Amino acid sequence: MSALIQLSSIVKKYRSATALSGVDLEIQPGITGLLGPNGAGKSTLIKIILGLIRVSSGSGTVLGHALYSDGRRIRSKIGYMPEDDCYIPGMTGIEVVQFAGGLSGLPPIEALRRGHEILDFCGMKQERYREIETYSTGMRQKVKFAAAIVHDPEFLILDEPTSGLDPEEREALLKRIRILSEQSGKSVVLSTHILPDVQAICDHVVILAKGRLRLNDRLETLNQTSKPTVTVRFEGDPKTFKSRLAGSRLEVTDGERDIELKVSNPSDSDLTQLIWQSADAAGVLIHSVVPAKNSLEEIFMQTVQEANVADS
Amino acid sequence: MPIHDLGYRPWNGKLKSMWSRLSMIANSGIALAGKNRWMRRILVVAWIPVLYWGVAFFLIGQSFEQPVQQAVSADQLIDAVEKETGVQMSLKQRDQLRQEIKKTGKFSLTLLETFGASRGIDVESLKKELGKRTNQRAAAENLDDMFRNIPGVRALSNSIRDAEDTSEARNRLWAWLLMTFFRYSQAFLILILIGTISPGLISHDLRSRAYLLYFSRPIGKLEYIVGKLAVPAFYIFLVSTFPALTLYLFGIMMSPNTEVIASTLDIPLRIILASLVLIIPTAVLSTALSSLTTESRFASFAWFGIWILGHGTWLTVLIGTAIRSNVDAAEVLNSDVVQRWSNISIYNTLGDVQSWIFGFKPFSDAYFSLAILIAITVIGLLVLFRRVTAPLRA
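Chains W and Y supply the protein sequences, listed in that same order. Numbering of the first sequence is given in this note's numbering, commencing with residue 1 and proceeding in unit increments. Numbering of the second sequence is given in this note's numbering, commencing with residue 313 and proceeding in unit increments.
These are computed hints drawn from the structure, not numbers from a lab. These numbers come from a predicted model, not from an experiment. Glycine included, C-beta positions come from ideal geometry on N, C-alpha and C. A portion of the hints provided could be inaccurate.
25 Å max Cα-Cα, derived PhoX-like pairs, lysine-lysine [as the list claims (entries may be wrong)]:
| # | chain 1 | residue 1 | chain 2 | residue 2 |
| --- | --- | --- | --- | --- |
| 1 | W | Lys227 | W | Lys262 |
| 2 | Y | Lys533 | W | Lys77 |
| 3 | W | Lys77 | Y | Lys328 |
| 4 | W | Lys227 | W | Lys239 |
| 5 | W | Lys227 | W | Lys210 |
| 6 | W | Lys125 | W | Lys175 |
| 7 | W | Lys125 | Y | Lys328 |
| 8 | W | Lys13 | W | Lys210 |
| 9 | W | Lys47 | W | Lys13 |
| 10 | W | Lys210 | W | Lys47 |
| 11 | W | Lys242 | W | Lys210 |
| 12 | Y | Lys347 | W | Lys77 |
| 13 | Y | Lys347 | W | Lys13 |
| 14 | W | Lys293 | W | Lys175 |
| 15 | Y | Lys533 | W | Lys47 |
| 16 | W | Lys175 | W | Lys210 |
| 17 | Y | Lys328 | Y | Lys533 |
| 18 | W | Lys77 | W | Lys47 |
So these bits of chain Y aren't anywhere near chain W, every CB distance computed over 12 Å [as the list claims (entries may be wrong)]:
| # | residue |
| --- | --- |
| 19 | Leu334 |
| 20 | Val362 |
| 21 | Phe527 |
| 22 | Arg529 |
| 23 | Phe562 |
| 24 | Pro580 |
| 25 | Leu588 |
| 26 | Thr628 |
| 27 | Lys673 |
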């Protein structure tokens with residue numbers, strides 16, 4: 001599968017500060033989570049992808065078009081939902097979406113029709129006729145999302161789309177993003193600090209820190225542990241069970257609760273078989289044995305810490 | 313298939329060109345400005361002067377239909393005859409002519425024929441020329457008498473005095489009326505109108521970060537700036553160019569014959585040129601001020617400040633010079649000191665160029681003002697191009 005975005009040795013300097021330093025990045029079709037601490041260079045990367053700013057050095061293509069010089073073509077194919085609360089004072093919700101459609105090149109009447117269609121999809125009802133200044137944060141997020149997809153772009157860049165949403169709205173928005181990706185074949189870059197959002201819908205994860213690309217992999221791959229690991233829930237004496245497991249040459253760490261253990265097997269022997277044998281010997285009752293996943297939070301924290309160490 | 317599908321549906325239409333995007337920016341700006349209640353009130357007020365200017369056109373249209381000789385004194389006529397023929401009349405002849413004119417209220421052809429024949433003069437051409445000259449001269453002198461305290465009117469009276477014929481005199485009179493329409497009644501309204509519309513045009517986008525909405529689309533700086541400039545331009549057009557063209561058409565309709573169209577064909581062109589001179593620098597300046605701040609009120613203060621302080625300074629120089637010279641202000645209007653300070657006022661600078669466009673000033677008197685307006689436009693555009701995407705570079 002060919003990459004939608006290919007960036008090579010991208011450097012972006014703002015006078016004395018370096019925002020991006022030698023970023024090589026490929027973004028594949030699907031939903032990609034763009035993660036990074038504040039000041040990591042995510043916003044700069046997005047502006048570069050949109051062709052809004054020139055790079056200091058490096059090259060790349062976005063949807064087959066050259067960076068910056070083909071900025072208009074790139075932006076006509078991209079839907080961008082900014083993190084900032086950007087709106088035009090005095091306009092109603094539907095006017096903002098119509099306006100966004102018009103700016104993307106939709107004929108005015110068609111932009112209005114399409115605006116209503118998209119606001120329906122976003123779950124916006126009669127409040128679309130109110131001035132946007134009177135909207136709650138959640139409503140504004142919906143309008144921004146609608147404005148980003150009104151022209152049916154093939155690629156979406158969503159910057160903190162779920163910030164300020166209540167759990168129900170957040171779930172609904174993530175569902176819409178998933179629908180756009182799975183049913184309409186749109187690729188999405190989801191820039192966010194909310195890791196469960198990434199865990200919930202992303203196929204790939206990109207982590208930027210200190211202006212460098214620190215990680216770019218499939219989420220599925222990242223979730224896999226380096227050695228076979230399971231989470232065991234049990235009933236009985238944890239001490240005896242732990243010592244029996246250790247006696248079977250298994251590595252044991254405490255789980256999130258007292259009745260949970262994370263057990264991994266450094267050797268090739270059958271992990272499940274050894275757990276059952278140890279449980280039998282310790283006289284504990286096994287409730288469940290579930291393959292363990294690496295938590296995204298752990299991966300993120302570890303990557304950022306490594307970046308800090310490397311930088312210092 | 314559901315009756316109303318609320319799911320996502322792809323769109324397969326064809327995207328429009330750059331001009332469609334530009335017009336979208338302009339239209340939304342115009343519509344947003346039109347939502348302002350004060351703005352709508354100003355628009356209504358802006359059309360009131362058109363009514364009395366319309367009356368002026370009506371009266372002028374009628375006056376060209378009337379025999380102007382009746383308004384001409386006997387002595388003026390005799391002087392004109394002497395000037396045209398280059399001979400002096402005797403006292404007896406003057407008395408005869410004076411009596412004849414007073415009695416009939418018209419020029420005495422019999423007397424003229426007698427007078428002309430005795431000196432071998434072509435009476436027919438003299439009659440024609442004399443009638444024309446005396447009409448124009450009389451009109452010019454009447455204007456001078458009526459508006460002796462308004463120096464600007466002298467440009468009109470001189471222009472009428474020098475006109476080749478009635479058609480040209482009408483052309484000059486219309487041009488002058490339209491110029492004063494631009495200069496006096498509409499200038500103040502345009503100042504307020506732009507001061508209401510422009511300050512928020514870009515500053516609001518910067519404040520609400522709406523520039524992201526624009527520049528994340530296939531929009532360049534040029535479309536954005538031109539689209540924004542179109543908003544004040546449209547409203548200036550609405551309160552100056554459009555009513556001026558309406559007045560012109562009204563004048564045509566009030567005219568006695570279709571020859572008037574041919575003789576005043578340059579007037580619409582002059583109106584459009586004068587409008588461009590008014591629209592371009594003012595729209596660029598006000599929008600550039602808006603791009604320098606996120607607070608529209610600061611842009612508003614700056615806009616009114618530039619006009620009021622500039623013109624106030626010039627007025628101070630004018631009044632000061634008049635007091636020092638112990639004469640009326642009108643008498644020192646063309647003095648070196650006052651002229652030197654004239655261009656500090658944008659109002660005067662615009663006025664100089666508009667006077668040139670309407671044919672009441674030679675280019676040599678207007679080129680410096682034109683250069684200033686070009687400089688304002690160029691600097692304003694540079695500021696705009698630099699500032700509108702500044703937040704993206706941060």
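Tested hints:
A C-alpha spacing of about 12 Å is found between Lys227 (chain W) and Lys262 (chain W), which places the hinted pair at or below 25 Å, so the restraint holds. Pair hint Lys533 (chain Y) plus Lys77 (chain W) holds up; C-alpha atoms about 19 Å apart against a cutoff of 25 Å. As the CA atoms of Lys77 (chain W) and Lys328 (chain Y) are separated by approximately 14 Å, the hinted pair is consistent with the 25 Å bound. As the CA atoms of Lys227 (chain W) and Lys239 (chain W) are separated by approximately 24 Å, the hinted pair is consistent with the 25 Å bound.
Between Lys227 (chain W) and Lys210 (chain W) the CA atoms are separated by roughly 30 Å; this puts the pair beyond 25 Å, and the hint is violated. The straight-line distance between the Cα atoms of Lys125 (chain W) and Lys175 (chain W) is roughly 18 Å, inside the 25 Å bound, and the hint therefore holds. For the hint linking Lys125 (chain W) to Lys328 (chain Y), the alpha-carbon distance of about 29 Å lies beyond 25 Å, and the restraint is violated. With a C-alpha separation of about 13 Å, the suggested pair Lys13 (chain W) and Lys210 (chain W) falls inside the 25 Å cut-off, and the hint holds.
A distance of roughly 13 Å separates the Cα atoms of Lys47 (chain W) and Lys13 (chain W); the hinted pair therefore holds under the 25 Å criterion. Between the alpha carbons of Lys210 (chain W) and Lys47 (chain W) the distance comes to roughly 17 Å, so the proposed pair stays at or under 25 Å and holds. Taken as a hint, the Lys242 (chain W) and Lys210 (chain W) pair is broken in the structure, with Cα atoms around 41 Å apart against an allowance of 25 Å. Between Lys347 (chain Y) and Lys77 (chain W), the direct Cα distance comes to roughly 33 Å. Violation of the 25 Å bound is thereby established for this hinted pair.
Among the hinted pairs, Lys347 (chain Y) with Lys13 (chain W) is inconsistent with the structure: their alpha-carbon atoms are about 43 Å apart, more than 25 Å. Between the alpha carbons of Lys293 (chain W) and Lys175 (chain W) the distance comes to roughly 23 Å, so the proposed pair stays at or under 25 Å and holds. Proximity of Lys533 (chain Y) to Lys47 (chain W) is assessed by CA-CA distance (about 15 Å); at most 25 Å being required, the pair is judged to hold. Under the criterion of a C-alpha separation no larger than 25 Å, the hint pairing Lys175 (chain W) with Lys210 (chain W) is inconsistent with the structure, at around 32 Å.
The straight-line distance between the Cα atoms of Lys328 (chain Y) and Lys533 (chain Y) is roughly 18 Å, inside the 25 Å bound, and the hint therefore holds. Between Lys77 (chain W) and Lys47 (chain W) the alpha-carbon distance is near 15 Å, which keeps this suggested pair within the 25 Å criterion. For Leu334 (chain Y), the shortest C-beta to C-beta distance to chain W comes to about 10 Å, within the 12 Å cut-off, and the non-interface label is violated. The claim that Val362 (chain Y) is not at the interface with chain W holds, since no C-beta of that chain comes within 12 Å of its own (minimum 29 Å).
Once the 12 Å rule is applied to beta carbons, Phe527 (chain Y) is inconsistent with being away from chain W; the minimum gap is 6 Å. Here Arg529 (chain Y) does not stay apart from chain W, with its beta-carbon only about 4 Å from theirs, under the 12 Å limit. At roughly 34 Å, the least C-beta separation between Phe562 (chain Y) and chain W is larger than 12 Å, which holds for a residue marked as non-interface. Annotated as non-interface, Pro580 (chain Y) keeps its C-beta farther than 12 Å from every C-beta of chain W; the closest such distance is 31 Å.
No Cβ of chain W comes within 12 Å of the Cβ of Leu588 (chain Y); the nearest lies about 27 Å off, and the non-interface call holds. Remark: the non-interface label on Thr628 (chain Y) is consistent with the geometry, its nearest Cβ contact in chain W lying 39 Å away (cut-off 12 Å). The Cβ of Lys673 (chain Y) sits about 42 Å from the closest Cβ of chain W, beyond the 12 Å cut-off, so the non-interface label holds.
Violated hints, listed in ascending order, are 5, 7, 11, 12, 13, 16, 19, 21, 22; each of the other numbered hints is respected by the structure.
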